[in-house]
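**Q** Chains as they are written, first to last, in this note's numbering: chain A, 1 to 390; chain B, 1001 to 1390.
Take the hints with a grain of salt, since some may be wrong.
[Claimed, not checked] Restricting the straight-line Cα-Cα distance to at most 16 angstroms, the calculated cross-link-like pairs of lysine to aspartate or glutamate (EDC-like) are:
| id | chain 1 | residue 1 | chain 2 | residue 2 |
| --- | --- | --- | --- | --- |
| 1 | B | K1077 | B | E1065 |
| 2 | B | K1235 | B | E1343 |
| 3 | A | K12 | A | E26 |
| 4 | A | K6 | A | D171 |
| 5 | A | K235 | A | E343 |
| 6 | A | K308 | A | E326 |
| 7 | A | K262 | A | D171 |
| 8 | A | K6 | B | E1017 |
| 9 | A | K308 | A | D332 |
| 10 | A | K324 | A | D335 |
| 11 | B | K1235 | A | D214 |
| 12 | B | K1006 | B | E1244 |
| 13 | B | K1061 | B | D1091 |
| 14 | B | K1012 | A | E343 |
| 15 | B | K1006 | A | E17 |
| 16 | A | K235 | B | D1215 |
| 17 | B | K1012 | B | E1025 |
| 18 | A | K6 | A | E172 |
| 19 | A | K77 | A | D91 |
| 20 | A | K308 | A | D214 |
| 21 | A | K61 | A | E25 |
| 22 | A | K6 | B | D1214 |
| 23 | B | K1262 | B | D1214 |
| 24 | B | K1077 | B | D1091 |
| 25 | B | K1006 | A | E25 |
| 26 | B | K1044 | B | E1065 |
| 27 | A | K235 | B | D1214 |
| 28 | A | K6 | B | D1018 |
| 29 | B | K1006 | A | E26 |
| 30 | A | K61 | A | D91 |
| 31 | A | K12 | B | D1171 |
| 32 | B | K1308 | B | D1171 |
| 33 | B | K1006 | A | D18 |
| 34 | B | K1235 | A | E65 |
| 35 | A | K77 | A | E162 |
| 36 | A | K6 | B | E1213 |
| 37 | A | K12 | B | E1172 |
| 38 | B | K1012 | A | D171 |
These aren't lab readings, by the way, just hints derived from the structure by calculation.
There are 2 protein chains.
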Amino acid sequence: MLGNFKYSNPTKLYFGEDSLSSLREELGNYGPTVLLTYGGGSIKRNGIYEQVTAILGEAGKHVVELSGVMPNPTAEKLREGAELARTCGADLILAVGGGSTIDYAKGVSVAAHYGGNAWETFYKHQQDPAPDARILPIGAVLTMVGTGSEMNGGSVITNHAEGLKIGKVFDERVMPRFAILNPRFTMTLPRYQMVAGIFDIMSHLLEQYFSGEDDNTSDYLNEGLQRSLIAASRKAVTNPDDYEARSNIMWTATWALNTLLKCAKLQDWMVHMIGQAIGAHTDATHGMTLAAVSIPYYHHICRYGLPKFARWAQAVWGVRPEGKTEERIAFDGIDALEGWMREIGVVLSSSELGVTEENIEAIADSTLLLPTGYHHLTREEVIDILRDSL
Amino acid sequence: MLGNFKYSNPTKLYFGEDSLSSLREELGNYGPTVLLTYGGGSIKRNGIYEQVTAILGEAGKHVVELSGVMPNPTAEKLREGAELARTCGADLILAVGGGSTIDYAKGVSVAAHYGGNAWETFYKHQQDPAPDARILPIGAVLTMVGTGSEMNGGSVITNHAEGLKIGKVFDERVMPRFAILNPRFTMTLPRYQMVAGIFDIMSHLLEQYFSGEDDNTSDYLNEGLQRSLIAASRKAVTNPDDYEARSNIMWTATWALNTLLKCAKLQDWMVHMIGQAIGAHTDATHGMTLAAVSIPYYHHICRYGLPKFARWAQAVWGVRPEGKTEERIAFDGIDALEGWMREIGVVLSSSELGVTEENIEAIADSTLLLPTGYHHLTREEVIDILRDSL
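With the rest of the complex left out, here is chain A (with noise of 0.2 angstroms):
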């Protein structure tokens, strides 16, 4: 842990079987306007609209629909969202649905109140909110786990015209104030869905565990995240009613892209990078994007951090290092990595995802070069990346 940081995360998380219910309490915290954001209707076929919309009218809550979030929410829809946000007078948003869902409302609530171009703004200059500026706040209700913006201040917008997926981090304003967390909710998820939000989770761990020198406690925690995820993964999709499994993930994804594994840690984030380029061009589904390049990203990398991967292969995936050099270990970490990929169902090529020889330059120049990590790739290694993900 060296470096000065601060911890702080306001959010309140509400978890289990009769989670919900804490919804009505909540909401008592708030004016009367709620500008309810959801997805495609998923919500509808499932029952969790009923249920939201009857605490939503018991509490005598005046409901505002804001519906037809994308998975990849765009520049578009966050204008549409504001505008109504602000004409309607909006005192809380909730939002029910996956990452997604929660990613718009935080956009949504930073653009309401805001006069200029809130894409340019925020997303595509990385600016922050000004201090005084007027933040919507924000509950949510997830019904798809993976990315945690249920507990931190990560928004993701994509602007097709202009082929970029930008992510901002906001401040703890617009974190949301409550995350209702029904591992049930997740269950009604078609099993791509399940599997791509899962290595979402374990790519979170993984940016953030392959960069840095020192020894630090977070990489311990980090290592934990990881293992549990793994024991309940396989449990999940062999048998995806498993709650015990379902539950462990969804409290994972939470804790792994929360506030507190980046603590004092430098992060890579190049996997993401490279994914949401992907996402960009093709709209494929986030986690997959991620699945896809990972393998080949990590092949690419490793020799920079030879000790750090050994020691993830060992810590994580149980490789025995008796007669190996460390790059053999550091190998066998990242086929362990792959085998798993393989038993729970993850893309592991991105052809099918609608990458092509004829775009990967393309997406090579979409992709945002951090200067993070064990080594920092040029727009040439990408497109080998690219090329090798094929």
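Using the hints, position chain B against chain A.
**A** Then chain B, alone, in the frame of chain A:
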């Protein structure tokens, strides 16, 4: 993660070598009168008192001193502090010290404007402050690590006349609003106190870990924190000036006993119950009382939770399972724990702390028998464990 729970931790943490500079900013949130609480004066010798009072002076605060907080703060001292806090009109209690000082500040914060006998109500009868109770806000500058008091609601008070040392876990209203964690401030601590603190942390981890049958993300996080503590403590006892090691220990202590690991977990806490009874009779250092009884305790309960002990032996201590019974693996884990305790130099015999054949029965009578963990101890079993610990 079975069951329903709420997670919410409002404490802001400022960590690092420069963290005290954040005190200035935090003081702006509180009224003019600060009750400055500390122990026996070591903060005057090491210069921390001077740094803190300089910042209080610059902020124009009216400072009232409440010093002489003892390692095991007493019910009498609590009465004295509450009276002072009330009469001086304290707006903030600033605790500068270790867990004892912060535990004490929590007692004072609820007792100051409470009419009755705070020891009886909150500790002996384990009641909660009334919903509309006036509770003074607390800030902490940590100079010793171990208890985790800086980010939780726990508070232990001792009544020597009654032979009782009782912990109370208060709710969020009593938790420190902010805590300043500067690893350098812990470096002047004598080795005895340092290793006692390290064992206190380990005991918090073990007592939350050894209970429950379910697979739980908390246990994986717990294993990660144990591994971090073992690695960092080995470095710290070799070189107490190793900033990185001391900082990892400090951060591990906070997360070992804030509100995270207990989520959806059954817990044990019998080592603390026996240790606190020893403390009430001998006034011995808290962490050493836990160390003295741990090996006999775990040998005693191991057979009731064999699968978990065997998992722990492998995951935390790297015990190899090949060709061994589950019991052998478990015992190898306890042996590894004992080896590490010898290595860091904690007390392994309760005789050293003043436990004798003569006072064992009285200590057992003061031991709260909790219906928790893998096995519910009887008074006779407590006596056996105490005898084994001599």
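**Q** Each hint: holds or not?
**A** So, going through the hints one by one against the coordinates:
no.	hint	verdict
1	B/K1077 <-> B/E1065	holds, 14 angstroms
2	B/K1235 <-> B/E1343	holds, 11 angstroms
3	A/K12 <-> A/E26	holds, 10 angstroms
4	A/K6 <-> A/D171	holds, 12 angstroms
5	A/K235 <-> A/E343	holds, 11 angstroms
6	A/K308 <-> A/E326	holds, 10 angstroms
7	A/K262 <-> A/D171	holds, 14 angstroms
8	A/K6 <-> B/E1017	holds, 12 angstroms
9	A/K308 <-> A/D332	holds, 13 angstroms
10	A/K324 <-> A/D335	holds, 15 angstroms
11	B/K1235 <-> A/D214	holds, 13 angstroms
12	B/K1006 <-> B/E1244	violated, 33 angstroms
13	B/K1061 <-> B/D1091	holds, 10 angstroms
14	B/K1012 <-> A/E343	violated, 41 angstroms
15	B/K1006 <-> A/E17	holds, 12 angstroms
16	A/K235 <-> B/D1215	holds, 11 angstroms
17	B/K1012 <-> B/E1025	holds, 12 angstroms
18	A/K6 <-> A/E172	holds, 12 angstroms
19	A/K77 <-> A/D91	violated, 20 angstroms
20	A/K308 <-> A/D214	holds, 10 angstroms
21	A/K61 <-> A/E25	holds, 13 angstroms
22	A/K6 <-> B/D1214	violated, 34 angstroms
23	B/K1262 <-> B/D1214	holds, 13 angstroms
24	B/K1077 <-> B/D1091	violated, 20 angstroms
25	B/K1006 <-> A/E25	holds, 13 angstroms
26	B/K1044 <-> B/E1065	holds, 13 angstroms
27	A/K235 <-> B/D1214	holds, 13 angstroms
28	A/K6 <-> B/D1018	holds, 11 angstroms
29	B/K1006 <-> A/E26	holds, 12 angstroms
30	A/K61 <-> A/D91	holds, 10 angstroms
31	A/K12 <-> B/D1171	holds, 14 angstroms
32	B/K1308 <-> B/D1171	violated, 30 angstroms
33	B/K1006 <-> A/D18	holds, 11 angstroms
34	B/K1235 <-> A/E65	violated, 57 angstroms
35	A/K77 <-> A/E162	holds, 15 angstroms
36	A/K6 <-> B/E1213	violated, 35 angstroms
37	A/K12 <-> B/E1172	holds, 12 angstroms
38	B/K1012 <-> A/D171	holds, 14 angstroms
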